[in-house]
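J.: As they're listed, the protein sequences go chains B and F.
No gaps in the numbering here: position 312 of the first sequence is 312 in my numbering, and each next residue is one more.
No gaps in the numbering here: position 507 of the second sequence is 507 in my numbering, and each next residue is one more.
Misleading hints may appear alongside valid ones.
[Claimed, not checked] Pulled from the structure, derived: some chain F residues nowhere near chain B, Cβ distances all over 12 angstroms:
1) Leu39
2) Ile42
3) Gln57
4) Thr162
5) Pro211
6) Ser279
7) Leu435
8) Thr494
9) His495
10) Glu499
11) Ser503
[Unchecked claim] Below, in silico cross-link-like pairs of lysine-lysine (DSBU-like), each with a Cα-Cα straight-line distance of 30 angstroms or less:
12) Lys159(F) - Lys678(B)
13) Lys357(B) - Lys539(B)
14) Lys153(B) - Lys539(B)
15) Lys554(B) - Lys201(F)
16) Lys364(F) - Lys153(B)
17) Lys159(F) - Lys103(B)
18) Lys723(B) - Lys159(F)
19) Lys453(F) - Lys153(B)
20) Lys364(F) - Lys591(B)
21) Lys918(B) - Lys201(F)
22) Lys159(F) - Lys623(B)
23) Lys159(F) - Lys554(B)
It should be emphasised that the hints constitute simulated quantities derived from the structure, not laboratory data.
Built from N, CA and C at the ideal position, the CB exists for glycine as well.
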Amino acid sequence: MTLLWISLLPILGAMVPLMAGRQSRIQCAWLTAIAPAAALILVLQQAPAVLKGEVLRYSTEWIPQLGLELAFRLDGLTLLFCLLILGIGLLIILYARYYLSEKDSMGRFYSFLMLFMAAMLGIVMSNNLLQLWVFWELTSLSSFLLISFWWQKTEGRKGARMALTVTGAGGLCLLAGILMVQQVVGTLNVDEVLASGDQIRQHPWYTAILIMFLLGAFTKSAQFPFQFWLPHAMAAPTPVSAYLHSATMVKAGIFLLARMYPVLAGTDLWFFIVSLTGLATLLLGAYFALFKHDLKGLLAFSTISHLGLITMLLGLGSQMAAVAAVFHIINHATFKASLFMAAGIIDHESGSRDMRKLNGLIRYMPHTAILAMIAAASMAGIPLLNGFLSKEMFFAETLHQDLLGSLSWVIPALATVAGILSVAYSLRFIHDVFFNGEPIDLPKVPHEPPRYMKIPVEILVALCLAVGIVPNLVVGDLLYAASSAVIGQMAPNVDIAIWHGLNLPLLMSITAVLGGVIVYSQRKRMFRFQGQFQDRDAKLTFEYIIQSMVEGGKRIVLFIDNGSLQRYLLCLLTAIIVIGGYAMLNLQPLKTTREPIPLDAITLVGAFILCCGGLATAFWHHKRLRSLLGLSVVGLVVSIAFARFSAPDLALTQLSVEVVTIILLMLALFFLPQRTPKESTPSRIIRDLSVSGAIGGIIATITYAILTRPVSSISDFFLANSKIGGGGTNVVNVILVDFRGFDTLGEITVLGIAAIGIYKLLLRLRLSMPASDVIGRSWSPERYPMILATVSQSLLPLALLVSVYIFLRGHNEPGGGFIAGLVTSVAVILQYMAHGVDWIKTRLNLDYQRVVASGVLIATLTGLGSWLFGRPFLTSWFDHFHLPLIGDFELASAMLFDLGVYLAVVGATLLILANLGKMTTSYRPLHKEQD
Amino acid sequence: MTHLTIMPHLTILPVLVPLIGGALLMLPPLVGHPQRQRLTGIACSLILLAVSINLIQATSNGQMLLYAVGDWQPPFGILLVADRLSTMMILLTSLLGLGSLLYACAGTDEQGALFHPLFQFQLMGINGAFLTGDIFNLFVFFEVLLIASYALLMHGGGKPRTRAGLHYVVLNLAASAVFLTSLGILYGTLGTLNMADLAVKVQQLPESEAPLVAVGAMLMLFVFGLKAAILPLHFWLPQAYSAASAPVAALFAIMTKVGIYAILRVYTLIFGDDAGTLSHLIAPWLWPTALLTLSFAAIGLFTSPNLRRMVAWLVLMSVGSILAVVSFHRPEATGAALYYLLHTTLVTGGLFLLMDMISQQRYKASDRIVGARPVAQPALLGGLFFLGSIAVIGMPPLSGFVGKALLLKSAHHVNEMIWYWPALLGSSLLAIIALSRAGSSIFWRVSGAPSEKRTHPLEVMATLVLLASSPLMTIFGGTISEFTHATAVQLYDTHHYIEAVLSVEAAP
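Okay, chain B solo, but in the shape it has when bound:
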């Protein structure tokens, strides 16, 4: 449980500053510090046990499907990192209190910082790889927020995005690696994974796993070639740089290498990739550090270089090298954090970080100068300081490898070169800033910072000295415990000593110091040489790459998705041809397997007219009226065909639907542009003909295949049960209102929605109304033909009577609510055409929208009625009654349902028509003769 609290405390602590934001700044800092201080105390309480070699664990289930558990561990390595994270974190909180200005939002800063601290603790304490990854990504996210803390500055925004992109990409690789490990080992638990090193190393996926992990680690720890983001992350406030980009976050990659060391290390591949990458980073970082004029830039590249050093040590693979790596992690964190803080103080109190302007500061801030100089000396590797010890161990280890066969001597040689460079840039840090004449037009007169701002630096520098002078006493146990955790077994018992006698590593150190002094003294030449190279800003390169990717992507998107409906339909139809046609390749050649209906002349003529109608519709597609006539021919022939093949209901329905549709289309045609767009190019015509031909061929083949096969279906059941179960002899109607009444309910709802949808559309539409036809002839002045008006009016009662008749007989004879509804609609439409909207409005003031709704509601309520009898929705009921005069008759719940259908159909049809019609009639422009 203690472990859970250690990791939870900083998360809870992230809320504190948000709430304490209104307090004074010092109070806010103190309140923020409570959580990490408590966590630190808890860690220290556990320390004795861990130092004895125990591993503390806590775990509870989280997402078993994923193998993700909430699991924490505390071993030597974790302890070391916990102390660094919490200890330096507390110092940073104190430091930041003085660093941030009044304008900056203290609460926001501390909250992000605590979030980061929590994430970092999570990484090092995770006992589950996926959980480790969760925290890993959280560090990327919180560092994004911290780098862009001053979001008004463009370099802050860009630096943050670059860091997020690079570490985010690495994080995704790491996820892949972790999931591969899970598939190999079958678990994500770190204990179990650490125990399965052999299994992983012998697995064919080892190379892939290693590369994925290394990509994750190298991006995070700014190893070559991913080092470029780190200098730009320095746009962050200096406390952030000191904390994230020297002591903690960039060490996460190193931590991952150390954590996975027992599993992944020990192969040639590991040696080569890790140590050579480390070496390259070490040299590159050290070289460029020398040429940075910006204090923080120098420190950034120096950090890259030192991270390379640690990586290289881990890559060497020997036990002593691992110990040295762990030792350097501690040392680098202490001296680099104090240097960053010192740089921050200088920046804060002198207004500049440019070493060409900063000179001779020792007179203005002697106290700070001394602290910075000690830390810088440690960075250079001067004896009696901690940097010296680990660097010497590093030199010793480079001598103990034989990576490159007979060329192995190159490695210690290059290590010495790196040592020389690092002495040179440390010297530059000291000499340029604190000596070297007088300051050159600084924005303000430099002075010592507030007392408390120096305390964190003092503590860290004291640690540098203490470790450097009495290493075994200060960090001996911790180093031993942490190294053992890395190696996976007891570490070799090292006695860290300042004096090992006169040996090769010492010689290398001496060379480094002397060489460094020489290089620094010749710095003018070096600068001149370096000045010949073009200085490339990684930010610009990064932006350029992103921009080109966006441009390229746009071209791809536009190529596929160009916004043309014709193109879309072509794709759609081609897809049908491809997948439909592909499936049909296996279809046996068509042969008739059932008795065909004999062909007769009438059918043949009907089919011929049907084809002509279809062709005419397509042929005259530019002459819309003719095309519409062709279409109506098709509809008519289809209705006749229904009638001929004994489907009177369908015929009736089709016929009335035809009438209504054609009228509506005529109305709609009125609004279309008078001139049609230009004819397609010949190649387009060929393309379109082929596509439609192919589709037609496919559909025809399928239809033929189906029609020529015998099939038994559920329709026999409907025929058998229509009368006894549904109470009607008209099977079609019983299917509609009973067997599949639910479908019908859905369909009348569709009709209703379509109607109100069209109403909604037209309501907002302002269409231009042509006053004359395409040649300029004005529309006929006679709006309502007299004959039509008279005839239609007298026809109305008759039509309504017919529809009632059709409705009532529907259950047993051809008819029903749907057809009746259409007949009524046609009759009313005729009135509209003959008299106009206004005339109707005064006589038949019906809100069709309500008619639709009532129709749907009546049908639904009929269905609900069966609930009263404990039956499912839409269960039908019917019985026969006798009344004097009328005689025997049948009552069925289906009739009520059909009434709903009737109303919905009438309402929907008239709603559409009345609204379309209204647009043509009420606002119709007057023709010219009357002007």
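Starting from the known structure of chain B, fit chain F onto it as the hints suggest.
T.: For chain F alone, kept in the frame of chain B given last:
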């Protein structure tokens, strides 16, 4: 009269509640009173939510609720089947619907007529599609949701909407025609419409007839593929989703999932493992097109010039991610896909709402990714944008990472991994870059005085309802992923389904 209890009819309520609600909203005394419309709409949504929770509880022990409409037993009548998958989808719809509706009630609903009835009809269509066990009835509900969605898409009017709407409706009507054709083929060869019965008939199909049925099955894949917006049938989506008004776009987040649902149902139940030569018909088509969809959507996202279109591409990305895994045809893979489906639907829905709030506060700059005046509520909107992006990209600690990890894990054959992992991880990286760029431009690259247009609290609440799902889905990730896994297992247990359906006795 003593028989009237609601519980036996629970299964049909997700259809009836919005249907009756929609009809009532068009009648007096509700019609024409904005306040009454809103309250009724929200009441309907809340009832629907309660119904879905009840359904989830009733089916969570693996039981299937069957409801023979009209008391005609299968295969003759229409049967509604509520199993884990159906009820899960209905709960998802109710949640999304509630969030979208709340948002609309802050004022979007007044930008055009009849918003509330149409919204209810839309829910009815979606729920019906999830519930029905009858393939023709599925078509009917597809029509309901298509026509309602078209009307909703046009809500608010304007040229871009009209244009997107035209494309949407033309393409979808073409798909409807194909759906009808494929139904004709299936009925013409198998002679039945009940899905369980279809499955039985497919198993008994003589080999010579199989290719014809295969044509029907493939055409149906085309239809569902268009609904789900798989490349190259996706064209309607980016336009329509970015043009629709915010609450409509948010609700539309479920529409592609209707297509995914139909694919899952039809190609496990009817053309699943027992379908002989017809089993695993779609994998060779689904797998490459899903990968293409994922990759293309990532490119689209990366290049999109405005926020709403970004979310539209994110919807498409999720479709590709899910369907690629569905094509593995394994219960554990489908379980992962279902978890991701829940996550992505709610989060993208919430993002549509969020992007609208941002765009409202930026006046003319709207949702275009350019520097402009600062928004009035930078902490609120910026914070939500940050969290929403994390969720949708799939970064911890929000639910996207659980979903993506489950998806990655479900591809465990090498030939699956080498295609799927790079596609999914690569698209995530593009999403990181694109969203960080967008967020940085909109919230940080600002100049001038902050906008004064603050967001209606109801809109914020609605967005939170949807986005809050993400942390909850992480915290309860264990339970939810177990649930989706069990759901997938039940989906693949077709014997149980068929047996349960075809042994239905009349009366509930």
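J.: Please go over all the hints and tell whether each is borne out by the structure.
T.: Do the hints match the structure? See the list:
Residue-level check passed: Leu39(F) sits 18 angstroms from the nearest beta carbon of chain B, beyond 12 angstroms. For Ile42(F), the non-interface assignment is confirmed: its Cβ lies about 19 angstroms from the closest Cβ of chain B, beyond the 12 angstroms cut-off. With a least CB separation of 21 angstroms from chain B, Gln57(F) remains clear of the 12 angstroms interface cut-off, as annotated. With a least CB separation of 8 angstroms from chain B, Thr162(F) falls inside the 12 angstroms interface cut-off, contrary to its annotation.
For Pro211(F), the non-interface assignment is contradicted: its Cβ lies about 4 angstroms from the closest Cβ of chain B, within the 12 angstroms cut-off. At roughly 14 angstroms from the closest C-beta of chain B, the C-beta of Ser279(F) stays outside 12 angstroms, upholding its exclusion from the interface. With a least beta-carbon separation of about 10 angstroms from chain B, Leu435(F) fails to lie farther than 12 angstroms from that chain, contradicting its non-interface assignment. Distance to chain B confirms Thr494(F) as a non-interface residue, since its nearest Cβ pair spans about 20 angstroms, more than 12 angstroms.
No Cβ of chain B comes within 12 angstroms of the Cβ of His495(F); the nearest lies about 22 angstroms off, and the non-interface call holds. Against the 12 angstroms criterion, Glu499(F) stays outside the reach of chain B, whose nearest CB is about 19 angstroms from its own CB. Listed as a non-interface residue, Ser503(F) keeps its Cβ farther than 12 angstroms from every Cβ of chain B; the least gap is roughly 17 angstroms. A distance of roughly 23 angstroms separates the Cα atoms of Lys159(F) and Lys678(B); the hinted pair therefore holds under the 30 angstroms criterion.
At most 30 angstroms may separate the alpha-carbon atoms for a hinted pair to count; Lys357(B) and Lys539(B) meet this at roughly 25 angstroms. About 14 angstroms separates the Cα atoms of Lys153(B) and Lys539(B), which keeps this hinted pair within 30 angstroms; it holds. Annotation: proposed proximity of Lys554(B) to Lys201(F) is violated, straight-line Cα distance about 48 angstroms (limit 30 angstroms). Taking the CA atoms of Lys364(F) and Lys153(B), the gap is near 24 angstroms; set against the 30 angstroms cutoff, the hint holds.
At most 30 angstroms may separate the alpha-carbon atoms for a hinted pair to count; Lys159(F) and Lys103(B) exceed this at roughly 46 angstroms. Of the pairs offered as hints, the one joining Lys723(B) and Lys159(F) is violated, with about 54 angstroms between alpha carbons and a cut-off of 30 angstroms exceeded. Restraint check for Lys453(F) and Lys153(B): satisfied, since their Cα atoms lie roughly 26 angstroms apart, inside the 30 angstroms limit. Annotation: proposed proximity of Lys364(F) to Lys591(B) is violated, straight-line Cα distance about 66 angstroms (limit 30 angstroms).
A distance of roughly 52 angstroms separates the Cα atoms of Lys918(B) and Lys201(F); the hinted pair therefore is violated under the 30 angstroms criterion. The suggested pairing of Lys159(F) with Lys623(B) holds, with an alpha-carbon distance near 27 angstroms, which does not exceed 30 angstroms. The suggested pairing of Lys159(F) with Lys554(B) holds, with an alpha-carbon distance near 23 angstroms, which does not exceed 30 angstroms.
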